[in-house]
Amino acid sequence: MMSEHMPVQLPGFARNSVNLASAGLGAKGIQVTDEFFAPLERMLNDQPAVFIADKYDDNGKWMDGWESRRKRVLGHDFAVIRLAVAGRIDGFDVDTSHFTGNYPPAARIEACNVAGDPDDSTEWTEVLGTSPLGPSAHHYFASQSSEIFTHVRLHIYPDG
Numbered sequence: 032m033m034s035e036h037m038p039v040q041l042p043g044f045a046r047n048s049v050n051l052a053s054a055g056l057g058a059k060g061i062q063v064t065d066e067f068f069a070p071l072e073r074m075l076n077d078q079p080a081v082f083i084a085d086k087y088d089d090n091g092k093w094m095d096g097w098e099s100r101r102k103r104v105l106g107h108d109f110a111v112i113r114l115a116v117a118g119r120i121d122g123f124d125v126d127t128s129h130f131t132g133n134y135p136p137a138a139r140i141e142a143c144n145v146a147g148d149p150d151d152s153t154e155w156t157e158v159l160g161t162s163p164l165g166p167s168a169h170h171y172f173a174s175q176s177s178e179i180f181t182h183v184r185l186h187i188y189p190d191g
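Going by our numbering, the letters in the sequence shown line up with residues 32 to 191, in that order.
Derived by calculation from the structure, the hints in this document are not laboratory data.
Nothing here was measured: the structure is a model prediction, and the numbers come from that model.
Using N, Cα and C, we set each Cβ at its ideal position, and we do this for glycine too.
Among the clues, some could well be false.
What the hints assert, rightly or not - Calculated lysine to aspartate or glutamate pairs in the EDC-like style (CA-CA distance at most 16 Å, straight line):
1) K59 to D190
2) K102 to E66
3) K59 to E72
4) K102 to D190
5) K59 to D77
6) K92 to D121
7) K102 to D65
Claimed, not checked - The following label-pair restraints were derived from C-beta to C-beta distances:
8) Q175 to T153: 14 to 24 Å
9) V145 to G165: 27 to 37 Å
10) D124 to T64: 17 to 27 Å
11) D150 to V116: 35 to 45 Å
12) V116 to Q78: 13 to 23 Å
13) R46 to N76: 18 to 28 Å
14) D121 to A168: 13 to 23 Å
15) V81 to Y171: 12 to 22 Å
16) T131 to R103: 29 to 39 Å
17) F67 to S177: 33 to 43 Å
Turn these sequences into a full structure, and let the hints steer you where they fit.
Take a look at the structure:
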């Protein structure tokens, strides 16, 4: 009898590359448009996401990841992360584990290489075009660039 849950074959970058966005290695969230329901730093946690059924915080259900409010106006949310070290980004795991009705339907990622932190004049390179996301899953994407970067900017559409 076949299992209902087939193991996912991880892409090479997920098996063999260093996670430059690892909080344990020193990555840090430095800018976010909205973190009303769950703070950005939870997204950088090195441990697999967990769901705790009866855990709540000041703004509702506790979620193990970054969560913004639903948009009531045009626009989207984004977060900027200073990578632990400058490096080449081989790919991404956009993880929506345990986010079911509150996941973002799409994401896009840009990156830059700057001394210090980015500002309004920073030029960003798209490393992942707008890509669909689903509920409660790992979404693996290859990077569209082999340049060296210091920061990434995750856009979620429209929110989540």
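How the hints compare with the structure:
no.	hint	verdict
1	K59 to D190	21 Å, violated
2	K102 to E66	12 Å, holds
3	K59 to E72	7 Å, holds
4	K102 to D190	6 Å, holds
5	K59 to D77	12 Å, holds
6	K92 to D121	33 Å, violated
7	K102 to D65	10 Å, holds
8	Q175 to T153: 14 to 24 Å	18 Å, holds
9	V145 to G165: 27 to 37 Å	33 Å, holds
10	D124 to T64: 17 to 27 Å	22 Å, holds
11	D150 to V116: 35 to 45 Å	21 Å, violated
12	V116 to Q78: 13 to 23 Å	20 Å, holds
13	R46 to N76: 18 to 28 Å	20 Å, holds
14	D121 to A168: 13 to 23 Å	20 Å, holds
15	V81 to Y171: 12 to 22 Å	20 Å, holds
16	T131 to R103: 29 to 39 Å	21 Å, violated
17	F67 to S177: 33 to 43 Å	36 Å, holds
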